[in-house]
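Visitor: What follows is each chain in one-letter form.
Protein chains: 4
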Amino acid sequence: MHYITAGESHGPQLTGIIEGIPAGLTIDVEKINQALANRQGGYGRGNRQKIEHDQVEIVGGLRHGVTLGSPLALVIKNRDHAHWSEIMNPTSPATLANTVRRVEHPRPGHADLVGGMKYRHRDLRNVLERSSARETAIRVAIGNICEQLLATLRIQMIGYVQQVGSVKVDDGISPALNVTQIKEQVEANDLRILDQDKVVLIHDLIDRTKRAGDTLGGVIRVMVENVPAGLGSYVSWNTKLDAKLAGAVMGVNAIKGVSFGDGFKDATNLGSHVMDEINYDAAHGFSRLTNHLGGFEGGMTNGMPIIINAAMKPIPTLYKPLQTVDVNTKEPLKANVERSDTTAIVPASIVVENVVAIELAKAVTDAFESSNIERLKDEINRYRQELVEY
Amino acid sequence: MHYITAGESHGPQLTGIIEGIPAGLTIDVEKINQALANRQGGYGRGNRQKIEHDQVEIVGGLRHGVTLGSPLALVIKNRDHAHWSEIMNPTSPATLANTVRRVEHPRPGHADLVGGMKYRHRDLRNVLERSSARETAIRVAIGNICEQLLATLRIQMIGYVQQVGSVKVDDGISPALNVTQIKEQVEANDLRILDQDKVVLIHDLIDRTKRAGDTLGGVIRVMVENVPAGLGSYVSWNTKLDAKLAGAVMGVNAIKGVSFGDGFKDATNLGSHVMDEINYDAAHGFSRLTNHLGGFEGGMTNGMPIIINAAMKPIPTLYKPLQTVDVNTKEPLKANVERSDTTAIVPASIVVENVVAIELAKAVTDAFESSNIERLKDEINRYRQELVEY
Amino acid sequence: MHYITAGESHGPQLTGIIEGIPAGLTIDVEKINQALANRQGGYGRGNRQKIEHDQVEIVGGLRHGVTLGSPLALVIKNRDHAHWSEIMNPTSPATLANTVRRVEHPRPGHADLVGGMKYRHRDLRNVLERSSARETAIRVAIGNICEQLLATLRIQMIGYVQQVGSVKVDDGISPALNVTQIKEQVEANDLRILDQDKVVLIHDLIDRTKRAGDTLGGVIRVMVENVPAGLGSYVSWNTKLDAKLAGAVMGVNAIKGVSFGDGFKDATNLGSHVMDEINYDAAHGFSRLTNHLGGFEGGMTNGMPIIINAAMKPIPTLYKPLQTVDVNTKEPLKANVERSDTTAIVPASIVVENVVAIELAKAVTDAFESSNIERLKDEINRYRQELVEY
Amino acid sequence: MHYITAGESHGPQLTGIIEGIPAGLTIDVEKINQALANRQGGYGRGNRQKIEHDQVEIVGGLRHGVTLGSPLALVIKNRDHAHWSEIMNPTSPATLANTVRRVEHPRPGHADLVGGMKYRHRDLRNVLERSSARETAIRVAIGNICEQLLATLRIQMIGYVQQVGSVKVDDGISPALNVTQIKEQVEANDLRILDQDKVVLIHDLIDRTKRAGDTLGGVIRVMVENVPAGLGSYVSWNTKLDAKLAGAVMGVNAIKGVSFGDGFKDATNLGSHVMDEINYDAAHGFSRLTNHLGGFEGGMTNGMPIIINAAMKPIPTLYKPLQTVDVNTKEPLKANVERSDTTAIVPASIVVENVVAIELAKAVTDAFESSNIERLKDEINRYRQELVEY
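Protein chains in written order, with the working numbering: chain Z, 84 to 473; chain A, 84 to 473; chain H, 84 to 473; chain S, 84 to 473.
These aren't lab readings, by the way, just hints derived from the structure by calculation.
Fair warning: there could be bad hints in the mix.
Heads up, the list lumps identical chains together, so a pair's fine if it works in one copy or across two of them.
What the hints assert, rightly or not - Mimicking DSS-like on lysine-lysine, the simulated pairs with C-alpha atoms at most 27 Å apart in a straight line are:
| no. | residue 1 | residue 2 |
| --- | --- | --- |
| 1 | Lys-327 | Lys-266 |
| 2 | Lys-348 | Lys-403 |
| 3 | Lys-348 | Lys-417 |
| 4 | Lys-348 | Lys-293 |
| 5 | Lys-445 | Lys-114 |
| 6 | Lys-251 | Lys-281 |
| 7 | Lys-327 | Lys-114 |
| 8 | Lys-266 | Lys-114 |
| 9 | Lys-327 | Lys-445 |
| 10 | Lys-348 | Lys-327 |
| 11 | Lys-266 | Lys-460 |
| 12 | Lys-417 | Lys-403 |
For clarity, every value in this text was computed on a predicted model and none was experimentally measured.
Taking the hints into account, I'd like the entire structure generated from these sequences.
Guide: So this is what it looks like as structure tokens:
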């Protein structure tokens, strides 16, 4: 299984192709659209999100709502492309009229400057249109298809927010709650947090930060439950599934840190408090008494819930702009302000959840014969049973 | 560029093949052996390290000390294989005599149990011989060749220890020191730490932990300097170099968290304290005033030193053994004790440094025409000059 | 560089994404459309081609006609989807009305039967809609972009027809003609053949075959000139460029054989008649006196024109249908007739030319720093000069 | 599954690593050595083969004769390295004494000249030591492991010789013989041909060619039987298994053409003579009445035997040397004669057989869950049964 995306932030559309989804899977397009809506929500966002209501179209690989086994092509139209149809026109040659809105003042914390140097762009719009987090919309669409695939195999997941700026919501790494319970809690507020009592506090933090022209990051957690043991392998450095997940999560815009289970706390704790002791009962086979390691041992899933944490830096664009330099005149000045979210931690939690879904769906479909979803289900069921009987 | 390794902990040898090292590179084998010795050192290690003195042999791709451009084959003989020549014999059939030392009590925190389930092993030695951190020796050998390649291009790096258990040595993320200065400091003690004043304190912590039959993890930092801007790309989720580095570092045994620059602190700080403002002077071109982001923007190197942090969990094997279950009888019992380091944070810092070297060498050789090292040097020099003149 | 395509024959559109085209390349969309028209032409085709006039749209990665360095997304709408909008509807659930035109009689020589077994389809339309050669239209669009890239580097190519059924047009393997001259000749007739005197003969063969309800294959040749020596490498089995080209060409629908230069004749000839002797002159450096080996030695381009031959089997669909079996009733019967070309050798020559272009563009951009087309041009020029001075 | 090899022709050893062989597979090392002996045999070979008797050692991934699931490391020592220990010394610096036997006269038809230009070697020994067909020994060792894996799944194969120079032995493409019968026939002579009556004729051809100082190529066929339908896929250009096989076969030294089934004859025949009509009986399910297409439709195996043909050019090294140019003085002269086989068609047939085995084993292990051979067997059996019941 692999996928690729294309499209610029104000271009006509985002396009994605994913290959390797089994034939015979019924796709609920409304679920994809709901995930896209979730990605556009959350407290602390600016106005742009309000004008877009992303809708996916599937233009290949699907027939009568069921996958064919051929590559799936997905499209999300950019609704405000209408206002940019000249400036971002794919084919009409550059003119004085359509090259307004040039970007020549690279924004610190963005790809602007280095992207310009690497690709020899002098209008940095040619960089930021692609490096923008707008692209994550199509990753969410692809990820939701993967979530639907995983759900068919009874693998459930949720991404949510654990920390906004300096406010930690939940520090436990082995929550007593399951995915369904977490979902209920975090979808009951606009911060995707577990502790309803902290909503007002964090709203207030965001409001104050916004008034100060500043921005906030946070920490995201993704939990996945009912993953069979043995996905990934210890045999080589690049067969470890936790390593692949870490790469995928770090590949989300603005993520600067990734960890599993207790994560950086593991570095502090004594060994006797880190390992998850092994238990056995005949009905369920082997299990662990705790989950400090976040569901991974030796790069393999161990049957416990996967717990991934991701640190998101604050959105770099500030109303209180930072020092930069004009790439043409070389004059120092203040960076452009291009958008206006105070924090994007809520949408980022959706994106991280979805890239985790993609990697897990890939792990499953790469490991098992996956031409057809029913055959795959049968195989996974037999494999689960074998694990119980080990 | 890509590489693969093979070999079991007590088998005859570790073997590695790396393809894509340019022709014409002079390899100093003694430097590789020095890196291997560093990996075997450090306070807090058990006795096994003392009997091994790893030496690399290069058996392919090298002639008269100079690379040919063909794949390099590396061998590290396992010096104590002599004692295991029957038990780990590759070809002689299993007998009563050579199947002693079976492992049937999976150790929590290791690959043992899940490896047995996945591959259907009932003697878990068949798992742990490969999942053992012994394999990292050959990764260090490969990594050191990559470091020698990078050094030819004036890219320098160092891995060291920032935290042992709960003792933090250095919390600054933008150290005033360069690689050479750090190297001097961290090689002046057996903990690879910057602050000589903390050596006694940490020795004491390790000694006490050892007496208590417990183990310690820690935090590792790798710093790389003089990396040209523009390695990696923002254009796709899997072209981001920080994502690849995160994957490679998470692929090191016992690493549970990876971050860049300020890492998880970025989640806490305000945006105005996270971004690295842009500066310019004609002689050096663009630079940053700070390095909170650890040398990456948009998944690309930005010309500032790369700063990677890795959280290592404590070694799972404890003198104070944990609860497990016999995989055959299903009886609960205490896990086997197979080795005896109190902490492996020093060797892990060498390993992490070397896997970073491999990924960076890969990034450079994949990006530029790299058949011959002199041609590559010329290209990189021209590219660096172009960046200054942007 | 890599690419992927999606889309079914009667679905809404074909979609392709290609990543790795350098920034700064001006794309002439009309040239792509011309290549698409060429693919739809040629003597011996049925009626479907006449109703389609493929037009490419570029919906990502291009701005004002110039590549951005981000992935390019290409779309070709299927013009007759209007007539299939229910039957091939991606999302509306299956009903009695929209599941007419089921295919339950697998056609010998097509993917129908095995595709049904592998993916568990019982309506084989779910297979043939993707396995159809319709998909090659988007490969041609991608290939033409690659040809435009290669032309910027002065690499020129042409695909043409050497044999139709049993009629051989040109047997010489080292034609005195260059690409421009061949182009002129083969575009002067509707068979893409060099010898105008054989046009009537072959038209007659095709007409007779059509009347007999039968079909014809043929042999295609692709010639590429001005390729720098040293693309590909002998160092590993999977770094050989001729091997990659062979794979790509064999990946075109209906191709059953691939060879380079004299190809299968090399098996018959004596060694003294096969090797290309080496010459030298100061102005041009090294060259070969002949080109029996078709431009490859040791898996590397050797600076002589690349000569690739491909054997195409006849189109399997026959008016004179073959024995098959109903996949549901298991009754023997005659296979469905779904389309009506007598030979597709002309369009196949365009497709093969274009997949060769893709592999060569990949070889060039993978070998050299290719973020920006101007930088790439400079590098290639320096490399060419170095070869002359070797 | 993937593999890589390293090692030079006169270096200390050849090394190979293959990852992805299931755990639990019993490896018969003698079978590997027999395949290595077969590769060294055949009429028409020079003296070098007589001094070498290749023996494989397995130094990783195997314990007590059974695979562990970890990467397998294989070594074949070069027995005449003793005579080259200075000239090909990996580490001792170049001196006057150890740089004798320089090669400065590139041999036409070899990688020598282009390899020198690409990697900037002036002693072309640095090229030919790796580009030599010596490397295929380790590919055969890896391939034989794959054959043993496939045999466990009841997939059998044989490579043999169909043509030597201009003498065709067998032109039938759908032989009535099965693999076992072919094996008996072709192993009854030293040419690996089916027709014992042609042995004298071909011996005579080889003898005459040798006296004339010339060399011979030929055509190889590989047949594989009992391959389940549905390996590979039509869904994308690079999922087609015939395309991958074509690439792997073209990646064997001296191969210039590859085809399936009737191959280039398909280009000549009418469609009604090319397609393989479909049959059905309840006990065996679907089958084909003929096998013109060599076991592939739509890039997938169709359950019929796989038939691959490969055209081998004559060995370029001639006693009657060809024109070349000294790479340093630029003087024209006659090419070095480095070895002395008159034809290597017999060993090449073994090599091609083995690379086919590797690709098929890869296709199987990539498609199915392949951690353990018994689980894999069960899956394949269920899949085969499903195909019968389709």
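Visitor: For each hint, tell me whether it holds in the structure or not.
Guide: Hints, one by one, checked against the model:
no., hint, verdict
1, Lys-327 x Lys-266, "within (25 Å within a copy, 31 Å between copies)"
2, Lys-348 x Lys-403, "between (34 Å within a copy, 21 Å between copies)"
3, Lys-348 x Lys-417, "between (39 Å within a copy, 25 Å between copies)"
4, Lys-348 x Lys-293, "between (31 Å within a copy, 20 Å between copies)"
5, Lys-445 x Lys-114, "within (20 Å within a copy, 36 Å between copies)"
6, Lys-251 x Lys-281, "within (9 Å within a copy, 31 Å between copies)"
7, Lys-327 x Lys-114, "within (26 Å within a copy, 31 Å between copies)"
8, Lys-266 x Lys-114, "within (15 Å within a copy, 52 Å between copies)"
9, Lys-327 x Lys-445, "both (10 Å within a copy, 17 Å between copies)"
10, Lys-348 x Lys-327, "both (21 Å within a copy, 23 Å between copies)"
11, Lys-266 x Lys-460, "within (25 Å within a copy, 41 Å between copies)"
12, Lys-417 x Lys-403, "within (9 Å within a copy, 59 Å between copies)"
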